[in-house]
Amino acid sequence: MTGLTRRQWLAAATLPPAVRGAHPRYRVGITTNTRGGWEKDVFLSFREAREVGYRYVESFFHYFVGYVDRPGDLQREIETIGVNFVTISNSGPMEMHFEDPARHDTILDEHVRLARFVRYFGCTHLKINLGPRRPEGTTDEDLRHMTTVLEELGRRTRALGVQLAVHAHMWSQFENRREIDFVLSRTTPEHVWFVLDTGHITLAGIDPVALARELGHRIVEFHLKDTAPEHRGGAKRRLERPDLMKDPPFFPLGHGGVDFPALKAHLDSISWRGWLTVELDSSPFRPPKESARMSREYLEQTLGIPVA
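Mapping to my numbering: the sequence shown position 265 is 265, numbers consecutive.
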């Protein structure tokens, strides 16, 4: 990527044939491990999400460990409910310390296996988190090790027809602007893509709309969650991890912390195609099903994006 400007390397990736023209521009899903009622029964969460109108769901690997060698059984389960997967994210018990080179072989083996698993269900990208944040934060050396293994992992998943998409997440080893810029500037756009989480990006002090303008088509998926109105444009100070049930930092769409109309206007202007995945980490004030319904109504009535 020598010679590219910062804007060029951020937006250099092009849409793969599997995404261009094959589906509606915006494909809507929902992540269903919402605390407050959905986190302990993944199939209940799928059923209730489907009852609200969502046809695509996203979840985490630990729910499906028992299906690794029998994906057909899982496919029958979700077909009975009437949903399919956006993708399945990495999670415990997988190795997720990307900053540790001693663990890279295990990371590669486990994540390539997960890429094969999600591909069985027709998923075209693998969204990953990069492990819990250490008290001392993430050093440049950590980032160099993370970049090395991400590039190799992305090369291997691309060979399987699966885009590797890194998710910036508060309280993980990959959360802020410095870390995003470091990793994306030192990886190949065709190998390492990005999941832009509007809630986590806002709490990291970044304007998600501005970041979307810079990243362009290197974004393969948005996680859509709202924040408190005072955080609009990026939180002014870093928020330490709160109790998600007593003091939730994220809310159903429409609470005002994220400028979703501006985000959609930008995506429309560049003819972006991909996944818009509603997500709410916790729902302490109402059942998760009702929070999911609120976000669906906002997408359809305010943004004009059909969910079903």
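Please keep in mind that the hints were generated in silico from the structure rather than gathered at the bench. Take the hints with a grain of salt, since some may be wrong.
With a straight-line cut-off of 30 Å between C-alpha atoms, the simulated DSS-like cross-links for lysine-lysine are [what the hints assert, rightly or not]:
id: 1; residue 1: Lys40; residue 2: Lys246
id: 2; residue 1: Lys246; residue 2: Lys236
id: 3; residue 1: Lys246; residue 2: Lys289
id: 4; residue 1: Lys264; residue 2: Lys289
id: 5; residue 1: Lys236; residue 2: Lys40
id: 6; residue 1: Lys264; residue 2: Lys236
Everything numeric in this text was worked out from a predicted model, so none of it was measured.
Verification of the supplied hints:
{"no.": "1", "hint": "Lys40 <-> Lys246", "in the structure": "18 Å, holds"}
{"no.": "2", "hint": "Lys246 <-> Lys236", "in the structure": "22 Å, holds"}
{"no.": "3", "hint": "Lys246 <-> Lys289", "in the structure": "19 Å, holds"}
{"no.": "4", "hint": "Lys264 <-> Lys289", "in the structure": "24 Å, holds"}
{"no.": "5", "hint": "Lys236 <-> Lys40", "in the structure": "34 Å, violated"}
{"no.": "6", "hint": "Lys264 <-> Lys236", "in the structure": "24 Å, holds"}
Hint compliance for this structure: hint 5 is the single one not met.
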